[in-house]
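Colleague: Following the numbering used here, the numbering of the sequence shown begins with 16 at its first residue and continues without gaps.
None of these hints come from the bench; they were simulated from the model.
Hints may be right or wrong, so weigh each one.
To be verified - The list that follows gives simulated cross-link-like pairs (lysine to any residue, SDA-like), each with its CA atoms no further than 25 Å apart: (1) 601 to 541; (2) 538 to 511; (3) 243 to 294; (4) 538 to 431; (5) 562 to 600; (6) 538 to 514; (7) 562 to 522; (8) 601 to 442; (9) 522 to 509; (10) 438 to 461; (11) 601 to 561; (12) 522 to 561.
Here the structure is a predicted model, which means the values were calculated and not measured.
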Amino acid sequence: MAVEQQAGELAPVMVFALVGALGVGAQWLAWRLRMPAIVLMLLAGLAVGPGLGLFDPARDIGPLMAPMVAIAVAIILFEGGLTLNLQSLRGAAEGVWRLVIIGAPLGWLGSTLALHYAAGLEWPVAAVFGGIMIVTGPTVIAPLLRQARLARRPAQLLQWEAIVNDPVGALAAVLAFEVVLVMAASETAGGAALSMAWGIVVALVLGLGAGWGLVRAFTAGHVPEFMKVPVLFAVLLGVFALSDTVLHESGLLTVTVMGVYMANTDLPSYAELRRFKEHATVLLVSGVFILLAASMNMEALALLDARAAVFVVVTILLVRPVTVMVSLVGTKVAMNERLLVAFTGPRGVVLVAVAGLFGERLVALGFEDAARLTPLAFALVAATVVLHGFSLRPMGQLLGLAGQGVPGVIIVGGSQFSASLGKALSELEVPVLISDPNRTHLRTAREAGLRTFFGDILSEAAEHGVEIVNFGRVLAVTDNDAYNTLVATDLAPEFGRENVYQLRRAKEDNARHALPATLGGRKIGGELGYYEIARHMSQGWKVRATKLSDSYTLEDWQRDNPDAVPLAELAAGGGLSFVTRESEAKGGDGTRLVALGPPRDTAD
Numbered sequence: 016m017a018v019e020q021q022a023g024e025l026a027p028v029m030v031f032a033l034v035g036a037l038g039v040g041a042q043w044l045a046w047r048l049r050m051p052a053i054v055l056m057l058l059a060g061l062a063v064g065p066g067l068g069l070f071d072p073a074r075d076i077g078p079l080m081a082p083m084v085a086i087a088v089a090i091i092l093f094e095g096g097l098t099l100n101l102q103s104l105r106g107a108a109e110g111v112w113r114l115v116i117i118g119a120p121l122g123w124l125g126s127t128l129a130l131h132y133a134a135g136l137e138w139p140v141a142a143v144f145g146g147i148m149i150v151t152g153p154t155v156i157a158p159l160l161r162q163a164r165l166a167r168r169p170a171q172l173l174q175w176e177a178i179v180n181d182p183v184g185a186l187a188a189v190l191a192f193e194v195v196l197v198m199a200a201s202e203t204a205g206g207a208a209l210s211m212a213w214g215i216v217v218a219l220v221l222g223l224g225a226g227w228g229l230v231r232a233f234t235a236g237h238v239p240e241f242m243k244v245p246v247l248f249a250v251l252l253g254v255f256a257l258s259d260t261v262l263h264e265s266g267l268l269t270v271t272v273m274g275v276y277m278a279n280t281d282l283p284s285y286a287e288l289r290r291f292k293e294h295a296t297v298l299l300v301s302g303v304f305i306l307l308a309a310s311m312n313m314e315a316l317a318l319l320d321a322r323a324a325v326f327v328v329v330t331i332l333l334v335r336p337v338t339v340m341v342s343l344v345g346t347k348v349a350m351n352e353r354l355l356v357a358f359t360g361p362r363g364v365v366l367v368a369v370a371g372l373f374g375e376r377l378v379a380l381g382f383e384d385a386a387r388l389t390p391l392a393f394a395l396v397a398a399t400v401v402l403h404g405f406s407l408r409p410m411g412q413l414l415g416l417a418g419q420g421v422p423g424v425i426i427v428g429g430s431q432f433s434a435s436l437g438k439a440l441s442e443l444e445v446p447v448l449i450s451d452p453n454r455t456h457l458r459t460a461r462e463a464g465l466r467t468f469f470g471d472i473l474s475e476a477a478e479h480g481v482e483i484v485n486f487g488r489v490l491a492v493t494d495n496d497a498y499n500t501l502v503a504t505d506l507a508p509e510f511g512r513e514n515v516y517q518l519r520r521a522k523e524d525n526a527r528h529a530l531p532a533t534l535g536g537r538k539i540g541g542e543l544g545y546y547e548i549a550r551h552m553s554q555g556w557k558v559r560a561t562k563l564s565d566s567y568t569l570e571d572w573q574r575d576n577p578d579a580v581p582l583a584e585l586a587a588g589g590g591l592s593f594v595t596r597e598s599e600a601k602g603g604d605g606t607r608l609v610a611l612g613p614p615r616d617t618a619d
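Can you make the complete structure from the sequences, with help from the hints?
Modeller: Have a look at this one:
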């Protein structure tokens with residue numbers, strides 16, 4: 016039955032289409048412009064909401080707004096918990112626990128003081144919002160870390176603090192809100208404490224129980240492969256709703272515990288589940304930000320005054336640095352790492368979403384100041400994301416904690432060819448790592464002074480021992496075509512399919528040996544496979560870099576080196592690209608062309 020629409024009201028289908036287009040479009044545009052995606056999503060939501068008045072969530076979707084945001088935040092937190100493999104902590108464990116155990120309450124106190132004295136909020140409202148401000152936004156940290164390419168330990172500190180403190184911050188807000196309820200109602204303090212403890216116990220039991228049950232069911236084959244993701248979603252929503260019924264907002268802790276448990280069980284389907292959850296999270300983060308930004312109005316934005324600006328400055332330059340520096344006193348974390356973490360605290364979707372939920376409830380209890388929570392949350396999110404989005408990488412480089420110059424190349428497979436290619440790239444100041452599970456195969460690379468990793472690049476040892484953030488491309492050049500295809504396929508989601516390469520496979524043009532486009536990487540080395548290249552190397556061929564210019568163009572080089580095979584080119588601006596079947600060498604003034612060619616005396 017058709018639902019009558021008011022004048023100017025958008026149809027529900029149009030609402031979902033608009034939110035999806037704006038959210039995903041903003042993320043894609045941010046990727047193209049190399050900007051923080053959250054900034055563009057914020058601007059897009061403000062533009063269609065209070066700016067142009069095209070979309071008003073309260074008018075167009077009404078009571079569905081709050082449950083949609085709550086469910087989205089729950090799924091986002093579960094995906095965050097699903098990344099918490101305890102083995103990945105290693106050198107950062109002490110710092111992470113300090114930032115949670117000491118930093119969370121200290122940050123709560125500092126944020127509450129800043130909200131009261133700087134922003135002018137009354138104590139009850141400041142205490143609730145101060146708890147929410149503990150969170151630093153894993154959905155914001157992750158893309159910032161990918162862009163900044165930080166060293167492993169500071170990156171782990173920032174990522175783990177963000178993920179673990181998300182539910183901690185939500186629970187801190189719940190605790191403060193329960194105290195406010197005691198003050199505003201007739202409920203006794205003992206009753207509130209008892210309900211709080213009961214809610215936490217239920218959340219832990221439900222989270223661990225649901226995670227254990229799913230792992231057992233998936234491992235024993237009680238759930239078919241095509242049903243695992245739907246079953247996971249159904250259980251996730253069920254335990255979230257059940258826990259939230261016992262204690263409001265405790266569902267956030269439940270789903271996070273459930274995710275952490277599943278992340279540490281060596282579940283065979285873990286990679287597929289996490290990958291799907293990451294995709295879902297991208298959509299949900301986009302949607303939530305558009306909805307929350309569009310729900311703002313001019314009256315709410317007008318509440319942002321000079322005191323709000325002072326509050327933001329105090330939070331970024333005083334509360335956050337003091338919290339981190341005090342928390343990490345006496346740890347083995349180096350001072351440059353402490354400084355980087357201290358001045359990096361971007362807030363994200365959870366802060367805005369939870370602030371909006373509690374703001375409405377506090378206003379209903381008679382705290383008029385709570386109407387400022389959502390505008391203040393947006394101001395803090397916008398300021399921190401813009402600031403850290405543009406400053407994290409330069410600060411990391413200044414402190415010696417970020418990769419310098421061109422993103423490096425991981426060459427999988429030790430051989431004369433990989434050593435020659437690695438040496439040529441290193442001379443162009445491109446970081447190179449050569450990996451091989453056979454130590455003998457790495458001898459030539461070690462003799463050339465190249466960095467090596469002895470082991471399987473797909474192993475957990477590589478995941479924890481290789482600074483992946485310093486590398487942007489992978490070349491699989493072993494003598495095993497099947498393994499090259501496996502490496503390229505497995506690492507494609509991490510590096511991007513356009514950044515994984517492998518040598519031409521033997522008989523790949525034969526229909527019996529052809530693989531679908533979903534497997535493998537882009538082909539380098541022209542029509543040469545591993546054994547053709549090995550034969551050339553035994554005849555004295557080498558990989559060399561040649562500088563092109565206006566007076567010596569790509570055409571000139573091709574005329575002088577008719578047998579050489581172009582492999583890559585480093586543009587004058589520092590951009591590295593590999594030559595494949597789909598992308599030929601372009602040349603240009605100042606370009607360094609890297610190619611495999613015969614000895615100089617036979618190059619003619």
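Colleague: Take the hints in turn and mark each one as holding or not.
Modeller: Going down the list of hints, with the structure as the test:
Using a Cα cut-off of 25 Å, the hinted pair residue 601 and residue 541 holds, with the two alpha carbons roughly 15 Å apart. Restraint check for residue 538 and residue 511: satisfied, since their Cα atoms lie roughly 15 Å apart, inside the 25 Å limit. Between residue 243 and residue 294 the CA atoms are separated by roughly 16 Å; this keeps the pair inside 25 Å, and the hint holds. Only pairs whose Cα atoms come within 25 Å are accepted, and residue 538 paired with residue 431 is accepted, the gap being roughly 19 Å.
Proposed proximity of residue 562 and residue 600 is supported: the alpha carbons are some 13 Å apart, at most 25 Å. Proximity of residue 538 to residue 514 is assessed by CA-CA distance (about 11 Å); at most 25 Å being required, the pair is judged to hold. Distance check on the hinted pair: residue 562 and residue 522 sit about 35 Å apart at the alpha-carbon level, beyond 25 Å; violated. Our distance criterion of 25 Å between C-alpha atoms is met by residue 601 and residue 442, whose separation comes to about 21 Å.
With a CA separation close to 28 Å, the supplied pair residue 522 and residue 509 exceeds the 25 Å bound. Restraint check for residue 438 and residue 461: the C-alpha separation of about 11 Å stays at or below 25 Å, so the hint holds. In summary, the hint linking residue 601 to residue 561 is supported, as the alpha carbons are separated by about 14 Å, within the 25 Å threshold. Between the alpha carbons of residue 522 and residue 561 the distance comes to roughly 32 Å, so the proposed pair goes past 25 Å and is violated.
Hint compliance for this structure: hints 7, 9 and 12 are broken, all remaining hints hold.
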